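Chemist: Sequences are here, hints too, so could you generate the full structure?
Number of protein chains: 2
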Amino acid sequence: MSKRVVGAEIERLIQLMSKLPGLGPRSARRAALHLIKHREKLLSPLVTSLAEVSERVQICTNCGNVDTKDPCTICADLNRDQSQICVVEEVADLWALERAAALKGTYHVLGGTLSALDGIGPEDLNIASLLQRAAAPGVSEIVLAVNATVDGQTTAHYITDHLENVDVKVSRLAHGVPVGGELDYLDEGTLAAAVKARRPF
Amino acid sequence: MSKRVVGAEIERLIQLMSKLPGLGPRSARRAALHLIKHREKLLSPLVTSLAEVSERVQICTNCGNVDTKDPCTICADLNRDQSQICVVEEVADLWALERAAALKGTYHVLGGTLSALDGIGPEDLNIASLLQRAAAPGVSEIVLAVNATVDGQTTAHYITDHLENVDVKVSRLAHGVPVGGELDYLDEGTLAAAVKARRPF
Chain A
1 MSKRVVGAEI ERLIQLMSKL PGLGPRSARR AALHLIKHRE KLLSPLVTSL AEVSERVQIC
61 TNCGNVDTKD PCTICADLNR DQSQICVVEE VADLWALERA AALKGTYHVL GGTLSALDGI
121 GPEDLNIASL LQRAAAPGVS EIVLAVNATV DGQTTAHYIT DHLENVDVKV SRLAHGVPVG
181 GELDYLDEGT LAAAVKARRP F
Chain B
202 MSKRVVGAEI ERLIQLMSKL PGLGPRSARR AALHLIKHRE KLLSPLVTSL AEVSERVQIC
262 TNCGNVDTKD PCTICADLNR DQSQICVVEE VADLWALERA AALKGTYHVL GGTLSALDGI
322 GPEDLNIASL LQRAAAPGVS EIVLAVNATV DGQTTAHYIT DHLENVDVKV SRLAHGVPVG
382 GELDYLDEGT LAAAVKARRP F
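Chains as they are written, first to last, in our numbering: chain A, 1 to 201; chain B, 202 to 402.
Keep in mind the hints are simulated off the structure, nothing from the lab. The structure presented is a predicted model; accordingly, all values stated were derived computationally and were not measured. Please note: incorrect hints may appear among the correct ones.
Unchecked claim - Straight-line Cα separation of at most 25 Å, DSS-like style, residue types lysine-lysine; simulated pairs:
hint, chain 1, residue 1, chain 2, residue 2
1, B, 270, A, 41
2, B, 370, A, 19
3, B, 220, A, 41
4, A, 37, B, 270
5, A, 19, B, 238
6, B, 220, A, 37
7, B, 270, A, 69
Unchecked claim - Under 10 Å between C-beta atoms, here's a sample of chain A residues computed to sit facing chain B:
hint, residue
8, 13
9, 20
10, 23
11, 29
12, 92
Claimed, not checked - Facing chain B, a subset of chain A residues (Cβ under 7 Å, in silico):
hint, residue
13, 22
14, 31
15, 43
16, 45
17, 46
18, 59
19, 61
Built from N, CA and C at the ideal position, the CB exists for glycine as well.
Modeler: So, in structure tokens, the structure goes:
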């Protein structure tokens, strides 16, 4: 949109909003207008909230989670099973697992996966700190909850190799039919894995 | 997500973001994480930009457009044709017409349409100020650029009725085949209107 129509401030806001995932130029304009229309109820609280997060958010030095305190809420929670470390690629994966309330242990965020194509090596990820945590006394299981992609699996193998001499159990998430999923729509790889891992009914 | 996982500040940010049009709870979480990840390059500028807009944005007392000055950039632009007023429902419509650079005149934002169902009467819209502007000396044309919906057309009729005694030409946008559109996918009403309004080739 040309500078003639709206002030530079609104222009800049639209430009910034369009950089958010899920928002394109058109939806960014819609979102900006929505904010302007609901100034008291949405725009002002959002300004406060963003400023607060921007000021207070930090990366947990123990696990790599983002939170407003360090160590994060999960690492600081004494009720969590400190003997179990669940390894995830991104903070979003950690949040997804927490929503499922699937694990009672702690987490470790790698910050990505190994990738020869993108030139991402072990030193670019939080792998050294994971190996260090895994070797600490009291840790008995590492759950590899990385994505079922080539890069994810490469990373899982790399970590498993480096944990060979450490006295911990290494497990990975099960492959199978998603709950509520229809067989007809599943790929052959998943179906084969689900059949192979079939369990007594 | 339970309070256990992330601090209340991040929780609140996700909740606010999910109120934006086009963002649900899942995409709001993704957007919040994206902001946290790109703190310097995106989060901080966005805080500044939102605060600036929140502080400086105003509604143009002349036409109802939103801008950082009053009268707005368009109303204050002496190069625009002050004899033409284009009536739109929402600011988003004004922006869309400006992107098309279709008009050289000024605008008037109604702030909605008449709607018996939603109990929206003429006094809830910027209609009185429109009639006042239309009656001012020098104004020669009112372009009704309201949506082609029942409520939009009702509003157009209402305005036309009230402009009967005012010496201005009232026009409306043409109906027809959208540029680049395929006839096969068009509804009968549009096709019939396009045939009826056919022009020499």
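Chemist: Against each hint, give a clear statement of whether it holds in the structure.
Modeler: Going down the list of hints, with the structure as the test:
A threshold of 25 Å between alpha carbons decides the hint, and for residue 270 of chain B with residue 41 of chain A the separation of about 22 Å falls inside it, so the pair holds. For the suggested pair residue 370 of chain B and residue 19 of chain A, the alpha carbons sit about 43 Å apart, so the restraint of at most 25 Å is broken. This hinted pair checks out: residue 220 of chain B and residue 41 of chain A have alpha carbons roughly 10 Å apart, not beyond 25 Å. Straight-line distance between C-alpha atoms of residue 37 of chain A and residue 270 of chain B comes to about 16 Å, which keeps the hinted pair within the 25 Å bound.
For the hint linking residue 19 of chain A to residue 238 of chain B, the alpha-carbon distance of about 13 Å falls within 25 Å, and the restraint holds. Only pairs whose Cα atoms come within 25 Å are accepted, and residue 220 of chain B paired with residue 37 of chain A is accepted, the gap being roughly 13 Å. Of the pairs offered as hints, the one joining residue 270 of chain B and residue 69 of chain A is violated, with about 41 Å between alpha carbons and a cut-off of 25 Å exceeded. Because the beta carbon of residue 13 of chain A sits about 5 Å from the nearest beta carbon in chain B, less than 10 Å, this interface hint is met.
Hint status for residue 20 of chain A relative to chain B: holds, with the closest Cβ pair at about 5 Å, below 10 Å. Using the Cβ-Cβ criterion of 10 Å, the hint placing residue 23 of chain A at the interface with chain B is satisfied: the shortest such distance is roughly 6 Å. For residue 29 of chain A, the interface hint holds, the least distance from its beta-carbon to any beta-carbon of chain B being 7 Å, beneath 10 Å. For residue 92 of chain A, the suggested interface contact is upheld, since its CB lies about 6 Å from the closest CB of chain B, less than 10 Å.
Because the closest C-beta pair between residue 22 of chain A and chain B is about 4 Å apart, less than 7 Å, the hint holds. The interface hint given for residue 31 of chain A holds, since its Cβ lies 5 Å from the closest Cβ of chain B, which is under the 7 Å cut-off. Proximity of residue 43 of chain A to chain B holds as hinted, the smallest CB-CB distance being about 5 Å (cut-off 7 Å). With a cut of 7 Å, the hint placing residue 45 of chain A at the interface with chain B holds, because the nearest CB-to-CB distance is about 6 Å.
The restraint placing residue 46 of chain A at the interface with chain B holds, with a minimum CB-CB distance near 5 Å, inside the 7 Å limit. The criterion of a C-beta within 7 Å of any C-beta in chain B is not met by residue 59 of chain A, whose closest approach is roughly 9 Å, and the hint is violated. Because the beta carbon of residue 61 of chain A sits about 16 Å from the nearest beta carbon in chain B, more than 7 Å, this interface hint is broken.
Hint violations for this structure: numbers 2, 7, 18 and 19, all remaining hints satisfied.
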